[in-house]
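Every letter in the sequence shown is one number past the one before it in full-length UniProt numbering, and letter 58, counting from 1, is 58.
Treat each hint with caution, since some may be false.
Claimed, not checked - Here are the simulated DSBU-like pairs of lysine-lysine, each with C-alpha atoms no more than 35 Å apart in a straight line:
| id | residue 1 | residue 2 |
| --- | --- | --- |
| 1 | K36 | K25 |
| 2 | K13 | K36 |
| 3 | K36 | K16 |
| 4 | K5 | K20 |
Just so you know, the hints here were simulated from the structure itself, not pulled from any lab data.
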Amino acid sequence: MQEFKNIVIGFGKGGKTLAKNLAAKGESVLVVEKSKKMYGGTCINIACLPSKNMIINAQRGIN
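Could you build the full structure based on these sequences and the hints that come with them?
Structure follows, in structure tokens:
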């Protein structure tokens, strides 16, 4: 079984940044993300980008 010194839960902006910084220091890192749809975090997939918010609202029938 492989062992890791650090486990990062969530592959959003914070998780990606933390994992990158730990790996850059030579630390072993395992990143766990529960959702293939949310890979990359909430911001990029749902609301921070206005175009994503407009698409979701259109799908829901919201003007």
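Task: Which numbered hints fail - done: Those not satisfied: there are none.
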